[in-house]
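Colleague: Given next are the chains, with one letter for each unit.
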Amino acid sequence: MAIAYPKVAFSRTLRALLIPLLALLAALVTGAIVMILSGDDPLAAYSGLFQGAFGDGKGWARTIRKTIPFILTGLSVAVAFKVSLFNIGASGQFVMGTIFSVAVGINFAGLPVFIHLPLALIAGIVGGMLWGAIPGILKVYTGAHEVIVTIMLNYVAALFGGWTVYAGGTQGQTPGPLWDETAGAISETPDVLASAQIPWLFGPPYRVHYGVFIAVAAALFVWWLIFKTPLGFEMRTVGHNMKAAAYAGIRVNFTIILTMAIAGGLAGLAGAIETLGLNHKFAPEFGGAVGFDGITVALLGQTHPLGVMLAAFMFGALDGGASKMQFESGVPADIIQIIQALVLAFVAAPLIIRMIFRLRQQPLEEAASTVSTSWGGS
Amino acid sequence: MSAIAKLSTTSRMSRRAAISLVLALALVAMAVLVNKTPLGEHTWLRVLFGISALNFTLRATVPLVLGALSGILCERSGIINIGIEGMMLAGAFAGFVAKTSTNHWPLTVSLIFSVAVAVAVGGLMGAVHALFSIRFRMDQIISGTVIIILALGASSYLYNRDAIAEGKFSSIPVPGLSQIDVIGPVLFDNPPITYLALILVLVVHVALFYTRWGLRTRAVGEHPRAADSVGINVNRYRYVNTSLGGMLAGLAGAFLVLEAVGQFQEGMTAGRGFISLAAMIFGNWNPFGALGAAALFGYTQALQNELLLAGVTQVPRQFISMLPYVVTIVAVSGLVGRVRPPAAEGKVYETEGSA
Chain Z
275 MAIAYPKVAF SRTLRALLIP LLALLAALVT GAIVMILSGD DPLAAYSGLF QGAFGDGKGW
335 ARTIRKTIPF ILTGLSVAVA FKVSLFNIGA SGQFVMGTIF SVAVGINFAG LPVFIHLPLA
395 LIAGIVGGML WGAIPGILKV YTGAHEVIVT IMLNYVAALF GGWTVYAGGT QGQTPGPLWD
455 ETAGAISETP DVLASAQIPW LFGPPYRVHY GVFIAVAAAL FVWWLIFKTP LGFEMRTVGH
515 NMKAAAYAGI RVNFTIILTM AIAGGLAGLA GAIETLGLNH KFAPEFGGAV GFDGITVALL
575 GQTHPLGVML AAFMFGALDG GASKMQFESG VPADIIQIIQ ALVLAFVAAP LIIRMIFRLR
635 QQPLEEAAST VSTSWGGS
Chain V
101 MSAIAKLSTT SRMSRRAAIS LVLALALVAM AVLVNKTPLG EHTWLRVLFG ISALNFTLRA
161 TVPLVLGALS GILCERSGII NIGIEGMMLA GAFAGFVAKT STNHWPLTVS LIFSVAVAVA
221 VGGLMGAVHA LFSIRFRMDQ IISGTVIIIL ALGASSYLYN RDAIAEGKFS SIPVPGLSQI
281 DVIGPVLFDN PPITYLALIL VLVVHVALFY TRWGLRTRAV GEHPRAADSV GINVNRYRYV
341 NTSLGGMLAG LAGAFLVLEA VGQFQEGMTA GRGFISLAAM IFGNWNPFGA LGAAALFGYT
401 QALQNELLLA GVTQVPRQFI SMLPYVVTIV AVSGLVGRVR PPAAEGKVYE TEGSA
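Heads up: the sequence lines are chains Z and V, in that order.
For the first sequence, this note's numbering assigns the number 275 to the initial residue and increments by one for each residue that follows.
For the second sequence, this note's numbering assigns the number 101 to the initial residue and increments by one for each residue that follows.
This is chain Z alone, in the form it adopts within the complex (with noise of 0.2 Å):
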């Protein structure tokens, strides 16, 4: 990595904006053809997404509430990536820390906040990082890799988590252990108490929790990890050159397990504040495509914790102004997909970025990340 000197440092960090800005701005002018193919009409869809994403307190909440998520998860794959390790399993990670953390929150009443909802969140953060851990142990002791590991446990965990507040079956099967009993037939959990709830910041209808400011402390933490302490020094060295760093004598295989561990421990944390702060029980459709929005914010943010803050703030917009979008001018929801997946296909190849808008090609750029490492053979 190039030394910063002070003089260039703005003009870096300009260059550093200007591939995700133009990768976004493509990915709406072609979500707008999209739309226009399919006998949508985009200015009335983009005006709806814009008021409802910043319209008024209610939209700046929402949008705020939504970064939250994205700001963790983003964050989870973003750390792996410094490894070159690819963490598709931020979904898995995330139902397990809020399994984790429901668990914790729906028992032990009688705690004060001050130790309770501490607790809750230190259990989503444990069950994230066993969860994380599992793959980082496989790939390093038996070479399978990541990508597929972390995409079954995806699948493993969902049915796990959906087992947990298992109502119980026809053939005798015993309930899960979190199941809510007054629920009666319907899978969920009880409310967590509210002493593990993570309080609102504004009285209703402004609908943000103070789970916002974890999420940026989290962003803090993962940017003075990795570049301000020696452990992260270690990662970063082990995923510029896995053979050099061994060389040097960095602890290869504890690098790459501890890793897995704090992005799966990340997830894990997105999935306890959502539970503690929002949603206040798990039932087994929670979770869903947080982990490949993860994949999304973590590149478009160039996998720099300042730069996922930024990305998850404009995906928190996307998704806060989404049904707003719909509403108003009846085009799908699904279409903000298709945009955060043009955003990813623009942004991982600055190259058609570079094409489109005509720039100089910048001749030590480096790639954003690189984890198409082969698949573990020998």
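Calculated directly from the structure, the hints in this document are not laboratory data.
Accuracy of the hints is not assured; some may be wrong.
Covered stretches of chain V (in silico footprint by chain Z; criterion: 3 or more residues with CB under 8 Å from a CB of chain Z, positions within the stretch not fixed) [claimed, not checked]:
{"hint": "1", "region": "244-257"}
{"hint": "2", "region": "426-433"}
The following label-pair restraints were derived from C-beta to C-beta distances [claimed, not checked]:
{"hint": "3", "chain 1": "Z", "residue 1": "Leu292", "chain 2": "V", "residue 2": "Gln414", "range": "58 to 64 Å"}
{"hint": "4", "chain 1": "Z", "residue 1": "Phe487", "chain 2": "V", "residue 2": "Glu266", "range": "54 to 60 Å"}
{"hint": "5", "chain 1": "V", "residue 1": "Ala216", "chain 2": "Z", "residue 2": "Ala468", "range": "35 to 41 Å"}
{"hint": "6", "chain 1": "V", "residue 1": "Ala124", "chain 2": "Z", "residue 2": "Gly313", "range": "27 to 33 Å"}
{"hint": "7", "chain 1": "V", "residue 1": "Glu450", "chain 2": "Z", "residue 2": "Leu299", "range": "25 to 31 Å"}
{"hint": "8", "chain 1": "Z", "residue 1": "Val414", "chain 2": "V", "residue 2": "Val426", "range": "53 to 59 Å"}
{"hint": "9", "chain 1": "Z", "residue 1": "Phe507", "chain 2": "V", "residue 2": "Asn333", "range": "40 to 46 Å"}
{"hint": "10", "chain 1": "Z", "residue 1": "Met629", "chain 2": "V", "residue 2": "Leu408", "range": "50 to 56 Å"}
With the C-beta cut set under 10 Å, the calculated list includes, among others, these residues of chain V facing chain Z [to be verified]:
{"hint": "11", "residue": "Phe232"}
{"hint": "12", "residue": "Val340"}
{"hint": "13", "residue": "Ile381"}
{"hint": "14", "residue": "Ser421"}
Ideal Cβ placement from N, Cα and C applies to all residues, glycine included.
Since the structure of chain Z is already known, use the hints to place chain V on it.
Modeller: Using the frame of chain Z, we list chain V on its own:
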């Protein structure tokens, strides 16, 4: 070891392939016993080896083996393809749209047309993946991820929930062979894409190991510089192979919509593309190895299904449903250094002197 020496050995049947062949034969033997003798009175044995378990295994194997063949074509030429899941989904959706808009055509014509559309769209996705990875030098794993997210988003956005596909492929018994006990109804009484998939395993095997195209493909995947120096157009081979791979994934999607289910559901590939990748790795990038691995994974899916239907166990259904995924993890973990991917996989090839 030199790349040339490896090239000449990779077509030989691996030990794992031999083991899966033995296992398959044992399975058939058990199936005959269970379905022809009083052993069939044991519920558990019926669950494990009954005709319906075997039928389901084959049905579950088809998309997996097609996906694995897709991966083999791409990766043998040096392009990693984790986008199979997305290409399958795109194929499935395209096939569905084609079918619903040709419902008024004669059934067979409409179905064949829909398969063609699915295959074409899959191939297009493959070409896009190749374009991203070769022309735009995008990281191949990220390019594959883009394909997946794009397919998920586009198929949900364009999906018309009121559309209904009328009719799907029905079985075509092979005259004579389908009369054989046990084996007949399982192997020789299937709809056309199933036969096609099994034939394609052989076709890809022969093409890869016994044709000039196959030798060149493998050379491009192992040592592109060497291939280039004898005048092979490396990137052209990669474009062609990745597009062909996309077509196979599209065919897998067509199978899901036009042969197995008959309708489209959002996200209906449900991880099959990724399990295909595991099958490809487990099968050591060989078509028959991939078939064996796909059959193994297919069998775990069948087992999951049969166990739930038979109600023989009190284990909660979620744990039973984990079977295919856990087996996949165990399979890719149990291969410490014993598989060998194509050497040049994942790397952009640039001719000497170019920027």
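Colleague: Would you mind marking each hint as holding or not holding in the structure?
Modeller: Hints and how they fare:
no.	hint	verdict
1	244-257	holds (count 10)
2	426-433	holds (count 5)
3	Z/Leu292 / V/Gln414: 58 to 64 Å	60 Å, holds
4	Z/Phe487 / V/Glu266: 54 to 60 Å	55 Å, holds
5	V/Ala216 / Z/Ala468: 35 to 41 Å	60 Å, violated
6	V/Ala124 / Z/Gly313: 27 to 33 Å	51 Å, violated
7	V/Glu450 / Z/Leu299: 25 to 31 Å	29 Å, holds
8	Z/Val414 / V/Val426: 53 to 59 Å	20 Å, violated
9	Z/Phe507 / V/Asn333: 40 to 46 Å	43 Å, holds
10	Z/Met629 / V/Leu408: 50 to 56 Å	52 Å, holds
11	Phe232	6 Å, holds
12	Val340	20 Å, violated
13	Ile381	5 Å, holds
14	Ser421	5 Å, holds
Checked against the numbered hints listed earlier, the structure breaks hints 5, 6, 8 and 12; every other hint is satisfied.
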